[in-house]
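**Student:** What follows is the residue order along each chain.
2 protein chains.
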Amino acid sequence: MEEKFKIDVALCPVLYDQCKMDNSIVVVIDVLRATSAICTAFESGVKEMIPVSTLDEARVYHKQGYLVGAERDGSPIEEFDFGNSPYSYKNPELKGKSVVLTTTNGTKAINMAKDADVVAIGAFTNISVLSEWLVNQDKNIVFLCAGWKGRFNLEDSIFAGAVIERIGINSKYDELTDSCLAVKSLFINAEKNPYNFLSSSSHRIRLHKLNLKKDVKYCLTYDQSTSIPILKGDKLVKLEEVYENMAS
Amino acid sequence: MEEKFKIDVALCPVLYDQCKMDNSIVVVIDVLRATSAICTAFESGVKEMIPVSTLDEARVYHKQGYLVGAERDGSPIEEFDFGNSPYSYKNPELKGKSVVLTTTNGTKAINMAKDADVVAIGAFTNISVLSEWLVNQDKNIVFLCAGWKGRFNLEDSIFAGAVIERIGINSKYDELTDSCLAVKSLFINAEKNPYNFLSSSSHRIRLHKLNLKKDVKYCLTYDQSTSIPILKGDKLVKLEEVYENMAS
Numbered sequence: 004m005e006e007k008f009k010i011d012v013a014l015c016p017v018l019y020d021q022c023k024m025d026n027s028i029v030v031v032i033d034v035l036r037a038t039s040a041i042c043t044a045f046e047s048g049v050k051e052m053i054p055v056s057t058l059d060e061a062r063v064y065h066k067q068g069y070l071v072g073a074e075r076d077g078s079p080i081e082e083f084d085f086g087n088s089p090y091s092y093k094n095p096e097l098k099g100k101s102v103v104l105t106t107t108n109g110t111k112a113i114n115m116a117k118d119a120d121v122v123a124i125g126a127f128t129n130i131s132v133l134s135e136w137l138v139n140q141d142k143n144i145v146f147l148c149a150g151w152k153g154r155f156n157l158e159d160s161i162f163a164g165a166v167i168e169r170i171g172i173n174s175k176y177d178e179l180t181d182s183c184l185a186v187k188s189l190f191i192n193a194e195k196n197p198y199n200f201l202s203s204s205s206h207r208i209r210l211h212k213l214n215l216k217k218d219v220k221y222c223l224t225y226d227q228s229t230s231i232p233i234l235k236g237d238k239l240v241k242l243e244e245v246y247e248n249m250a251s
Numbered sequence: 004m005e006e007k008f009k010i011d012v013a014l015c016p017v018l019y020d021q022c023k024m025d026n027s028i029v030v031v032i033d034v035l036r037a038t039s040a041i042c043t044a045f046e047s048g049v050k051e052m053i054p055v056s057t058l059d060e061a062r063v064y065h066k067q068g069y070l071v072g073a074e075r076d077g078s079p080i081e082e083f084d085f086g087n088s089p090y091s092y093k094n095p096e097l098k099g100k101s102v103v104l105t106t107t108n109g110t111k112a113i114n115m116a117k118d119a120d121v122v123a124i125g126a127f128t129n130i131s132v133l134s135e136w137l138v139n140q141d142k143n144i145v146f147l148c149a150g151w152k153g154r155f156n157l158e159d160s161i162f163a164g165a166v167i168e169r170i171g172i173n174s175k176y177d178e179l180t181d182s183c184l185a186v187k188s189l190f191i192n193a194e195k196n197p198y199n200f201l202s203s204s205s206h207r208i209r210l211h212k213l214n215l216k217k218d219v220k221y222c223l224t225y226d227q228s229t230s231i232p233i234l235k236g237d238k239l240v241k242l243e244e245v246y247e248n249m250a251s
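Listed in order, the protein sequences are those of chains D and V. Numbering follows this note's numbering, with no gaps: position 135 of the first sequence is 138. Numbering follows this note's numbering, with no gaps: position 33 of the second sequence is 36.
Read the hints as simulated data drawn from the structure, not as lab findings. Wrong hints could be hidden among the right ones.
A pair holds if it fits inside one copy or across any two, identical chains being indistinguishable in the list.
Subject to a maximum C-alpha distance of 27 Å in a straight line, what follows is the list of computed BS3-like cross-link-like pairs (lysine-lysine) [claimed, not checked]:
#1 Lys-50 to Lys-100
#2 Lys-117 to Lys-235
#3 Lys-195 to Lys-50
#4 Lys-100 to Lys-9
#5 Lys-23 to Lys-152
#6 Lys-152 to Lys-175
#7 Lys-9 to Lys-212
#8 Lys-7 to Lys-212
With the sequences and hints as input, model every part of the structure.
**Tutor:** As structure tokens, then:
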């Protein structure tokens with residue numbers, strides 16, 4: 004019997020250790036807002052993004068002249084160029100640039116997944132291109148929900164559920180784990196109106212208090228980007244660039 | 004402003020550390036089947052149940068003449084008196100007896116919660132009496148889902164969701180966390196037919212392979228018990244006994 008590929012979801016970062024597998028693509032998810040912002044930046048044509056975990060690392064790059072986006076607790080850190088609002092990255096002037104990014108949750112999750120075979124960035128903003136690509140790879144898939152300060156959150160889970168729903172029943176994959184079934188079920192409840200579904204969620208409330216309603220709506224809008232950012236060494240680049248280099 | 008009580012859900016045991024709080028009742032949940040079996044045993048009139056984590060501990064009690072229930076990976080361990088099928092505990096001969104229990108997940112979760120203010124046992128079999136009692140206590144509530152070998156499972160989560168749904172919008176509690184919102188949403192999908200909802204879940208499949216369909220159906224049937232088992236020292240006793248002792 005042919006061995007099937009597996010799909011699993013780390014509902015929050017602490018659970019990643021339970022879920023990681025060999026030969027896998029880890030999809031890092033931080034819908035509000037890091038991974039949405041990253042997809043937007045690539046849509047604006049950035050050359051690469053460098054995710055770093057600490058403000059100190061970001062400062063080193065900033066001194067070297069890099070553009071730096073930095074967010075903590077939902078707010079931008081003033082000394083840098085941007086926060087993590089996707090709107091800051093919707094900017095044609097970013098074309099060809101290298102941008103460093105550090106956020107409360109998302110960039111830490113990216114660095115946590117570093118040892119995986121492939122690390123990809125997922126958000127509603129690139130859901131279609133990402134889902135289509137995933138099912139065409141012969142790899143296990145692990146969704147890593149960045150959550151909020153290590154805790155479970157709703158928005159990252161429903162995104163994982165949305166992708167699993169799109170993958171559908173596909174004979175190349177094993178039976179879904181309970182975590183996969185759960186996020187799929189959550190997505191079904193959220194699907195008609197994700198914005199309303201998240202109305203009581205802690206991070207939507209947090210961002211509303213910061214007047215970031217527009218950001219939340221943007222992050223929940225499908226397919227504003229055709230980029231799949233992939234980690235290559237310490238940098239995120241466009242999928243195409245990874246393939247070019249593999250071919251060479 | 005009066006301080007409100009909090010409700011949280013540890014979606015699996017690893018997450019308990021993030022969720023535990025002072026002044027709280029921890030509701031340990033292992034729907035398939037440990038906590039369902041425990042409720043049934045108290046309905047049969049057992050005096051107390053002693054949850055132990057290892058088979059070696061169970062053997063020590065067994066040698067001393069205690070009745071012992073022991074399960075690993077869904078099957079009873081032959082050298083002891085029962086496994087963890089609730090039907091084994093539906094037995095009038097258990098009246099007044101002390102029973103030792105060790106299971107793959109549930110008894111470990113009970114022991115994990117030992118330091119909490121109050122540890123209560125929850126299952127669909129005692130959901131009404133438990134939910135009513137919980138809202139009448141002035142305490143925080145933490146639902147601890149035992150899961151399967153440390154991993155998330157669906158059945159424990161939907162039970163937590165079912166109790167949160169019953170607690171409803173109650174001004175004595177803080178806003179629900181994202182974990183609470185998630186399990187409530189899962190329960191809403193499961194409510195009409197929990198048995199079908201769990202049809203693809205890993206443990207229902209595991210128990211079906213062991214011909215335990217009848218057990219699964221029993222564990223998903225509401226209100227077969229009016230007991231709330233509470234941990235007192237190292238033993239589970241009926242709630243009433245804890246109160247009697249507090250009064251004396």
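**Student:** Now tell me, hint by hint, if it's right for this structure.
**Tutor:** So, going through the hints one by one against the coordinates:
1. Within a single copy, Lys-50 and Lys-100 get their C-alpha atoms as close as 5 Å, which meets the 27 Å cut-off; across copies the closest is 72 Å, which misses it.
2. In this assembly of identical chains, Lys-117 and Lys-235 lie within 27 Å of each other by CA distance solely inside one copy; the values are 9 Å within and 46 Å between copies.
3. Proximity of Lys-195 and Lys-50 under a CA criterion of 27 Å is satisfied in neither setting, with 35 Å inside one chain copy and 51 Å between copies.
4. Neither within a single protomer nor between protomers do Lys-100 and Lys-9 lie at most 27 Å apart by alpha-carbon distance, with minima of 36 Å and 46 Å respectively.
5. In this assembly of identical chains, the alpha carbons of Lys-23 and Lys-152 lie at most 27 Å apart whether taken from the same copy (20 Å) or from different copies (16 Å).
6. Taking the closest pair of Cα atoms, Lys-152 and Lys-175 come within 27 Å of each other only across two copies (26 Å); inside a single copy the shortest separation is 34 Å, beyond that limit.
7. Proximity of Lys-9 and Lys-212 under a CA criterion of 27 Å is satisfied inter-copy only: 21 Å between copies versus 39 Å inside one chain copy.
8. When the C-alpha separation of Lys-7 and Lys-212 is checked against a cutoff of 27 Å, the pair qualifies only between copies, where the shortest distance is 21 Å, while the shortest distance within a copy is 46 Å.
In summary, the structure is inconsistent with hints 3, 4 from the numbered list given earlier, while agreeing with the others.
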